[in-house]
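Peer 1: Take a look at the letters that make up each chain.
There are 2 protein chains.
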Amino acid sequence: MSREERILNNARKVVAMTDNTDQIDGSDFFGEGMYYQALTMGRDLHAMSLHYVMFIPTLQGQTDDEQLDEWLTKAISRAVVGTYAQTELGHGTNLSKLETTATYDSATEEFVLNSPTITAAKWWPGGLGKSSNYAVVVAQLYTKGECKGPHPFIVQLRDDETHMPLKGIRLGDIGPKLGINGNDNGFLLFDKVRIPRRALLMRYAKVKPDGTYVAPAHSKLGYGTMVFVRSIMIKDQSTQLAAAATIATRYASVRRQGEISPGKGEVQIIDYQTQQFRVFPQMARAFAFMAAATEIRDLYMTVTEQLTHGNTELLAELHVLSSGLKSIVSWDTAQGIEQCRLACGGHGYSQASGFPEIYGYAVGGCTYEGENLVMLLQVARFLMRAAEGVRKGSAKLADIGAYIGKTGPKTSRLTTHYHYTDADLVADLEHAARKQVFRAYDRLKKAQEHLSPEDAWNSVSVELAKASRWHVRVYLVKNFLNKVALAPQDLKFVLTDVARLYAYDIITSSIGAFLEDGYMSSNQMNEVKEGIYECLAKIRPNAVALVDSWDYDDKELKSVLGRRDGNVYPALLEWAQNSQLNRSDVLPSHTKYLGPMMKDARSKL
Amino acid sequence: MSREERILNNARKVVAMTDNTDQIDGSDFFGEGMYYQALTMGRDLHAMSLHYVMFIPTLQGQTDDEQLDEWLTKAISRAVVGTYAQTELGHGTNLSKLETTATYDSATEEFVLNSPTITAAKWWPGGLGKSSNYAVVVAQLYTKGECKGPHPFIVQLRDDETHMPLKGIRLGDIGPKLGINGNDNGFLLFDKVRIPRRALLMRYAKVKPDGTYVAPAHSKLGYGTMVFVRSIMIKDQSTQLAAAATIATRYASVRRQGEISPGKGEVQIIDYQTQQFRVFPQMARAFAFMAAATEIRDLYMTVTEQLTHGNTELLAELHVLSSGLKSIVSWDTAQGIEQCRLACGGHGYSQASGFPEIYGYAVGGCTYEGENLVMLLQVARFLMRAAEGVRKGSAKLADIGAYIGKTGPKTSRLTTHYHYTDADLVADLEHAARKQVFRAYDRLKKAQEHLSPEDAWNSVSVELAKASRWHVRVYLVKNFLNKVALAPQDLKFVLTDVARLYAYDIITSSIGAFLEDGYMSSNQMNEVKEGIYECLAKIRPNAVALVDSWDYDDKELKSVLGRRDGNVYPALLEWAQNSQLNRSDVLPSHTKYLGPMMKDARSKL
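Chains A and B, in that order, give the protein sequences.
Here UniProt numbering is used: the first residue of the first sequence is 1, the next is one more, and so on.
Here UniProt numbering is used: the first residue of the second sequence is 1, the next is one more, and so on.
Watch out, some of these pointers could steer you wrong.
Pairs involving identical chains hold if they fit within one copy or between any two copies, as the list cannot separate such chains.
As the list claims (entries may be wrong) - Result set (PhoX-like, lysine-lysine): computed pairs, CA atoms no more than 20 Å apart in a straight line:
1) K264 to K13
2) K483 to K555
3) K396 to K435
4) K604 to K235
5) K177 to K208
6) K435 to K410
Please keep in mind that the hints were generated in silico from the structure rather than gathered at the bench.
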């Protein structure tokens with residue numbers, strides 16, 4: 001389909017889908033809601049993606065009661081379609097430098113929205129280009145000559161009846177992308193557009209009719225929506241990686257290539273150790289990330305509940321955790337999908353495999369909702385404060401950072417991988433994480449001796465990001481092991497291999513962190529490697545059952561290679577025959593160009 | 001453009017391009033030839049890609065004199081358009097299991113081509129679906145009731161005049177892919193198609209009229225074409241990575257985000273250490289790969305010259321080297337392109353950046369012309385023979401594998417990175433490579449004690465592949481350092497930082513290999529890390545000049561972000577406004593679906 005056709009088809013589907021949302025359990029957005037959407041829409045998003053994921057949650061989080069009544073009613077009944085316009089052409093993650101202004105005019109009790117430059121154009125919001133008629137727009141609030149920083153405003157963009165852009169508003173689609181081309185990500189420029197005072201979402205900050213600014217009670221209360229979206233992302237990303245691992249595992253059981261024992265026929269490629277080593281760690285990651293997604297969803301629920309009582313205790317911790325997880329999970333997911341795709345050889349390159357779409361969709365997650373590296377450096381700020389606290393003896397560390405203040409063993413307690421307890425494994429990972437946190441901290445302190453705080457931070461930022469990665473990975477392993485420990489005995493047996501593979505893979509991908517200063521010996525490291533090979537061999541007979549446990553419907557997976565019935569080759573041929581190019585035997589490219597070229601040459605031979 | 005439009009447009013361009021090939025220096029295919037094609041065709045390939053890269057070289061390499069006269073004349077004059085059909089739906093890298101048969105019938109002096117199953121369908125050849133009317137088809141040769149293995153045949157597929165498929169031939173396009181959608185990769189099935197005896201390309205193997213089979217003198221003489229294609233690939237891949245590094249480096253100099261020093265305004269993101277750490281190593285890799293591409297081209301020329309005198313001395317070495325390089329270069333290129341893309345934040349996800357196309361095109365190289373992991377295991381066979389020779393005292397190692405037989409220092413000679421000589425650096429890398437080669441060898445020998453040779457090989461294949469990676473990387477570093485040593489003094493000064501960054505990055509990505517058994521101390525490893533940070537800082541002021549030295553024309557680069565004039569933002573807005581979706585303000589998706597949905601809801605409020 002062309003982009004126009006996809007946009008049209010997606011609009012048809014999303015209206016039908018939302019016509020029927022009362023059929024599903026709306027309270028379970030993370031579960032049924034996401035599944036229903038995946039089944040209906042695939043991996044192309046749609047005109048109302050941002051409406052549900054950003055517009056409505058922002059209204060819920062940022063409006064006062066009167067605004068909530070008006071706007072939430074309209075949004076939920078689908079009388080308006082909204083999006084969330086924050087990022088600008090020249091400004092992404094650094095919110096404080098957004099250029100769009102909303103200047104209060106007390107004479108008319110209006111704000112004037114303006115885009116002073118090209119780089120101030122709002123850029124990227126999903127559904128902004130063509131579908132939405134409203135948006136929450138984030139702009140620098142000016143009142144009484146002072147800038148109060150970025151604030152959210154609700155703004156009508158298009159006429160209710162004609163759907164034409166309102167006066168002073170210039171907007172459109174931003175063009176084709178790596179993926180999600182059925183969504184109309186858009187741009188938006190304001191030329192002195194007047195909106196009422198009450199367009200400012202006033203739950204926390206307010207502007208009175210005379211222009212007096214009332215600051216919010218807690219500066220981080222606005223984090224709620226971001227945390228919500230990142231929580232959903234972790235679930236969504238793990239689902240994409242699981243889809244990729246399902247396709248690769250199933251196809252590796254169907255595909256035969258090469259003989260291991262001469263004369264015994266070609267073997268299933270899943271029997272090759274190298275194939276197992278490519279695919280099974282991706283499956284293990286998907287399980288680990290799903291375990292984290294459940295945890296962070298619960299934490300989000302708890303924090304939301306606490307916030308309604310004004311309790312912000314856990315908010316900072318959740319914010320740090322969700323930022324770090326978003327970064328690690330999205331990166332490992334993208335890498336993992338590509339590994340699965342490459343493990344399927346040439347057929348992985350075909351759209352028939354489903355991989356190009358899965359990758360194009362998932363890899364966006366490395367960038368949107370906070371660029372990964374920026375996220376890691378935010379986590380690093382938390383880690384450096386924790387390290388400082390430990391060094392000064394004043395640390396108050398919540399659960400997830402407690403290891404930073406602990407004294408672990410001097411050397412790894414690993415003897416053989418058969419006797420490697422969860423506790424010893426976690427102690428080893430915590431050692432590596434703690435070591436990197438303090439390496440970064442010490443380098444930072446040293447750099448601060450001769451550089452400004454900002455230059456010092458920049459000069460050690462590679463080490464800081466590395467510390468954040470360790471921090472998150474320790475969390476992921478601990479959480480996965482905890483979840484497996486709670487599983488029924490027969491499941492625990494199988495899942496332990498998966499969790500161990502996940503952990504061992506992290507260790508052997510950073511051998512240096514463990515050999516350093518003799519914390520582990522080469523022999524101990526060899527034990528971990530043996531552990532991997534053992535896990536691969538033990539997972540092999542359970543591999544198909546493990547991915548089947550995710551219960552993907554063929555309709556949801558959308559992959560000829562990953563078909564549940566394994567009938568791959570006839571299906572590939574059928575799929576190919578439906579190629580748009582096969583509608584006729586001879587194409588205009590032959591009739592117009594290649595045919596005359598050959599005829600001319602033949603006549604001269 | 002739709003696929004039909006792209007196919008048509010590419011056919012127009014390739015005919016025009018080849019009308020004018022006499023304007024360029026045809027003897028310099030690696031240089032001018034590839035550049036001319038890149039300028040004309042971009043990264044979409046075209047109907048005649050395989051004609052020039054596989055069909056003609058195969059004719060040159062595999063025909064006897066009479067066949068050469070007939071077919072090369074037709075191919076070069078463009079009286080026919082040919083492709084190379086080897087891979088099948090169910091069979092890729094394992095050539096010996098191809099299912100297509102060519103059975104000799106001495107009664108009519110013909111071969112009968114047949115595809116006995118669906119998995120025997122030829123699958124993937126570029127230009128096979130719609131454009132080509134001839135192909136070199138690889139099929140199992142049967143004569144006098146015996147199978148003689150896969151052999152190449154020249155086969156007419158479509159009628160000269162009508163371009164319709166000939167009787168018994170079923171073929172078509174295989175559908176859309178991750179990239180290169182302007183090429184009609186195809187499928188092909190034979191139903192007992194008769195071709196003359198002389199369709200067998202008879203330079204090496206022959207079948208006499210009575211069906212007697214004459215075997216070739218040297219079993220590996222057919223490798224020439226593969227080596228040629230892999231040599232081109234290494235050049236091509238390095239060019240793609242260089243394009244990505246150019247875009248990312250230029251954009252990082254234009255983009256400003258965040259303040260390092262408060263109040264001094266936002267800084268160019270290229271000043272962030274993390275940004276340098278993402279992008280500069282990719283630039284360094286591109287230089288390293290280009291240096292290797294030049295070397296392997298020269299080696300290919302030498303071998304081709306030697307082969308005409310029946311000298312096959314260097315052929316095996318070239319085959320191993322080109323297989324290994326193909327694997328490492330294509331993987332690091334794909335990874336590097338994605339790193340560059342992600343380093344450009346959200347705009348990297350837009351097609352305007354050029355990255356999606358560059359990635360989609362380049363990453364195919366991980367799979368085609370020999371799947372990367374299979375290639376690495378081929379290199380490992382050579383390494384295990386070399387290790388065996390060293391252990392038995394009978395090694396005859398050519399230059400590239402000489403380190404396997406050497407005894408290096410017991411510990412690294414590194415003191416500070418300022419005094420780290422090329423020789424010491426290479427010795428350290430050779431140590432790591434040698435260690436991994438013998439680790440794999442010892443594990444293999446041990447496994448062979450209780451397993452069949454094939455199962456033993458499989459059980460250590462992850463370690464074998466790792467040994468091959470080290471082997472190739474040592475070659476890449478040594479070759480790069482050698483080339484830099486030959487550069488003029490003022491260039492050497494700058495390129496040394498780049499080469500060192502390349503080498504240090506390899507070391508710090510595998511810290512464990514050097515810390516193991518105390519070969520390096522933690523302090524020495526910290527010196528290497530300091531070396532990286534030093535290189536990044538020293539490359540920073542030269543970065544734009546370094547990528548400019550590749551002299552990409554905007555027309556060739558095809559990236560709004562990578563524009564030579566740096567005028568990125570207005571160009572992005574202009575590019576977006578040309579989106580096909582912006583041809584009208586209100587789309588049918590609104591008129592048909594979203595509009596009525598909102599109207600209905602409004603009426604009920």
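Peer 1: All hints are to be evaluated individually against the structure, with a verdict given for each.
Peer 2: Hint check:
Taking identical chains as interchangeable, the C-alpha atoms of K264 and K13 are never at most 20 Å apart, the minima being 50 Å within one chain and 50 Å between chains. Taking the closest pair of Cα atoms, K483 and K555 never come within 20 Å of each other, the shortest separation being 30 Å inside a single copy and 54 Å across copies. Taking CA atoms no more than 20 Å apart as the test, K396 paired with K435 passes inside one copy only; the shortest distance there is 19 Å, against 46 Å between copies. For the homomeric pair K604 and K235, neither the shortest alpha-carbon distance inside one copy (65 Å) nor that between copies (35 Å) is at most 20 Å.
Taking the shortest alpha-carbon separations for K177 and K208, neither the intra-copy value of 43 Å nor the inter-copy value of 57 Å comes in at or below 20 Å. For the homomeric pair K435 and K410, the shortest alpha-carbon distance inside one copy (12 Å) is at most 20 Å, but the shortest distance between copies (27 Å) is not.
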